[in-house]
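Asks: The chain contents come next:
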Amino acid sequence: MVTNLKSTVDVELNNFSFGSTLKRSLSSASIESQSSFEEPSTAKKFKKEKKLDLSYVGSPREVRRLRTDLLEGRNTILNLENRIQHMHNVRKEMEIMYENESKLLKKQHENDKKSIEELESQLQSLRRREMDLKDQLAQINSKCSMLKVRKDEEIEELEKSLSEMKEESRLYDGEENAEIITLNRKLAELQIMLDAAEEDAEAQKKLVHEFEKRLAEKNVMERDLEKKDQALQVAVLRIRDLEYAKENYLEFQDQAKTQARKLANYIDLEKEVEKLKEENTRLKDEVKNKLILEEEVHDLKSRQVNYKEQEKKLAHLQAQQVQTELHLDEWRSVARGICETTGSDSSLPHLLRSAVERLQQQEISLTSAKVELDSQLTAAQYEVKVARAELEKTQKLLSEMKKTGEQKQNLFHRMQKKLLLVSRERDSYRLQLDSYEKDLTVTLNPNNININQLQTQRERIEALEKIVDNYRELNSKLESDLQSSNPALYSDTSACKVEQVTKLQDEVDQLKLENDMLRQRRDQLEIQLEDFLVGNDTLQGGQVYHLTKNPLSECLAQREQMVEKLEQEAEKLRRKIKSLEEGLESSKLSESSLCPQEVGAAAGPINDMNIILPEPVLHNMCRMDRTIILLK
Amino acid sequence: MAGVAQQNKSSITLKGSAEIVSDYLNFGINSILFQRGLYPPETFQSVENYGLTILMSTDNKIKEFLASSLSQLKDWLIQRCVTKVALIITNVKTLEVLERWDFHVEYEGNPDESGGQVSEKPLKTIKNEIRDVLKQIASSVAYLPLLDCLCSFDIQIYTKSNVILPQQWSEAEAAHVKNAQSVKMRSFSTNIHKMETARDGKAEELPSSFSSRDHD
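Here the protein sequences line up with chains A and B, keeping their order. For the first sequence, the UniProt record's numbering begins at 1 and goes up steadily by one. For the second sequence, the UniProt record's numbering begins at 1 and goes up steadily by one.
For reference, chain B alone in the conformation it holds in the complex:
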């Protein structure tokens, strides 16, 4: 969080907001990878942040992948052309999409503000909001089904049409979970970017008590 650019006492710039969002995604995705058991738990290391202990992967490949995707995402967030970031968990054997974690991005405030867009929201409250979301993600594992097959993940970024595609990036087919049931998590906002987290899984996987609660 050292890179968060602060203009005044408690104002966050557009870049800082993008940084906060990408940090959240980094921690969130790592947390999901650990919680869903995609990689062995020995390859994870606990890190203190947001007042929580979050398990981050020590696998260099995953680290590199996340770093390169999130740095690109940051640029796109500043250009306001990202609508959604999706973490897709796929069965490697059958290529079936088992789960999709959606991170919806909404843009708040006026982008044409003089001297750059600035948010007056205190960093502490934003961090608290992020902590709540991460807690919810961690606690959601209690009722999610076990992934008992060989799985892998991918990060898809949903953008608006006018985007210049850098090298190493390609168009992907939007992944959908068949017969999906969505569970919405909490959201947080920096007053520039608003993040809504949701998890799509197979409808019949959830126990009846949870599915009914979702409908409520």
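Just chain A, with the same shape it has in the complex:
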């Protein structure tokens, strides 16, 4: 049995061969095996007990108890193994920690070494640098001394040049003093010249004052002269005015002389004026006479024209007179014809008048007759109308009478029907009565109760049903009669109702139509909405493409493979469990205990698988565990 288990574990290991994971599991398994060898106390004891049990053949209860013990023992083994593993893990961790620390320390040690070496090298380099610097210092010192000597020489040269410069400056000072004396002399001369010039200037100033005084006097003189000139001009103007006046005076004197001459000729002139006036009057008279003669001539001319027109009129009138006379003759002949007289012309007008009067009287009489006849005609027409109205009334009455006759006939029919109904009712009542009587007779005969009761009851029920039907018929008939008899009463209300009903039905139809329309609209909008769904908007008649070998499909394929594998795994495990159970039953607990090494070897890869497998796989594993527990 145990060998079987081993083989299966091996298969498992083969199945879970995943490179590094397998290695890890194997290593862990080996460690566990070691641990199991180190602590063999519990497992060995258990084995010994089992060997003892082989000889013992107990009752099934005992077997059951042993099985439970076995299970407990296995559990304890598992627990212990777990603990051992845990302890191992702890130890490994510790070892790893120690290793790490030792590594760290080594590293530190190496670092320290390196730093010491570096420092030494630095020290050496520093020493070299010191030597170099000392050499440099000596060189610099020698250079410095050389420089000092050179500088001293330069200083001496410079001092020499300074003393030379000082001497030169003294020489220059002597020359400058001689120049100053000459200049002072020139200055004194110039001063004297200045004084002389100032005196001259004062004299000039005095002269200027005198000239200014003279200028003022001259100005005053000029002003006086101007005033005098103005006065002279005024006087000249006056002289001119006076000359003008004198000339005017002379002219007036000449005019006065001429006027005096004219006055002397005045009388002669007056005489001439009178003569001329007389001549003037004479001429005026002559002119008047001539005007009168001209007026007379004009009158005569106008009269002549009038006379000519009168002559024309006269001729016209004469022609008219001839015509009128002809007309008169015609009239007279006509009048004689009318009056049928051959009398004198004087009596003709009278006769004619009388004839005309006679005719007028005749006309009057005829018109009166016509009026009478008209009035008679209107009267006759009115009578005809009245007669027609009466005729219509009588016809209406006739039709009403007919209707009443029909109604009465209807009533008669209904009454007859009612009579029939009443007779039927009477019959039904009679039937009822008969049935009751029968019942009474049946109840009186107790022997027949059991046999006939059911039948009779059935019959009664049938009869009653018939009656009920009859009553229903009657009711319907009566209602129909009522409707037919008073059709007007029903028709009014029913018409109203019908109208209402039709209206309501129309409304209902409209609402239904609207409802349908709205539903269609909603469907359309839903379709539109689906079209406008994010994503569909861009897919306008186009297509969507992708690489067939995309990460999603690969991932899905992997997952499927994984699931298949796991399912196979589960199947195997189930089979194993079954075989285990069968084995247990057959061998009755013989060699059923697992070797802790094998258990460790089996548990290792499984744990590793748990670590490697993703979440969904783990979920499946958990499910598997659950199934295993259930199977147990």
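Just so you know, not all the hints are guaranteed correct.
To be verified - In silico DSS-like cross-links for lysine-lysine, where the CA-CA straight-line distance does not exceed 27 angstroms:
#, chain 1, residue 1, chain 2, residue 2
1, A, K497, A, K512
2, B, K74, B, K121
3, B, K74, A, K549
4, A, K549, B, K93
5, B, K135, B, K184
6, A, K114, A, K103
7, A, K576, A, K565
8, A, K549, B, K121
9, A, K549, B, K63
10, A, K549, B, K135
11, B, K194, B, K135
12, B, K93, A, K565
13, A, K572, B, K93
14, A, K565, B, K61
Hints listed in this document are in silico derivations from the structure and should not be mistaken for laboratory results. Computed from a prediction, not measured in an experiment: that's the story for all the values here.
Following the hints, complete the assembly by docking chain B onto the known chain A.
Replies: Relative to the frame of chain A, chain B by itself:
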């Protein structure tokens, strides 16, 4: 960025623009893969670009996948037949679409221009725009929910109907996030291609303060 074809001083050709867009997608997708924790952080390596340090995956499979998809995308971008690129994050166990990062592509300018389409937009401003978008993607992780299940990703390219499908490519079903709420990021443009980035996630995942801000 060495492959950016430049005609003159600062003009970008159609190919160069496609290159810029695919570069952006490469960095953006890698950044999202890192930020959303789809792969362990040890498999990422920091790279300097756009004035940012972006974490790029060192996994060869992912690298190959991205390279092959983006090179194909480049061809399609030049043919102007791509409308959208979507990065889809799916729960492997339930096959539920958890997130979708949309990269909308719009085409600008006249494609029939003589001597090829050329953009005069300076490369520096484009890079600055891309940097802003990448920054926004990186900062969006602060309020996105944790993906606490086994997830994987896929790249779907939404194209117009007249596309010749190369080998290794197949038609996919458009992935939608159920009860999705979209957050729009910034966009950038090369004056030939315009990229708009948006992230679709489950509506109830976001805290109320962010969802309300989205509505604003």
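Asks: Now tell me, hint by hint, if it's right for this structure.
Replies: Hints and how they fare:
no.	hint	verdict
1	K497(A) / K512(A)	holds (22 angstroms)
2	K74(B) / K121(B)	holds (20 angstroms)
3	K74(B) / K549(A)	holds (19 angstroms)
4	K549(A) / K93(B)	holds (19 angstroms)
5	K135(B) / K184(B)	holds (14 angstroms)
6	K114(A) / K103(A)	holds (16 angstroms)
7	K576(A) / K565(A)	holds (16 angstroms)
8	K549(A) / K121(B)	violated (37 angstroms)
9	K549(A) / K63(B)	holds (13 angstroms)
10	K549(A) / K135(B)	violated (30 angstroms)
11	K194(B) / K135(B)	holds (18 angstroms)
12	K93(B) / K565(A)	holds (16 angstroms)
13	K572(A) / K93(B)	holds (24 angstroms)
14	K565(A) / K61(B)	holds (24 angstroms)
Of the numbered hints stated above, those contradicted by the structure are hints 8 and 10, listed in ascending order.
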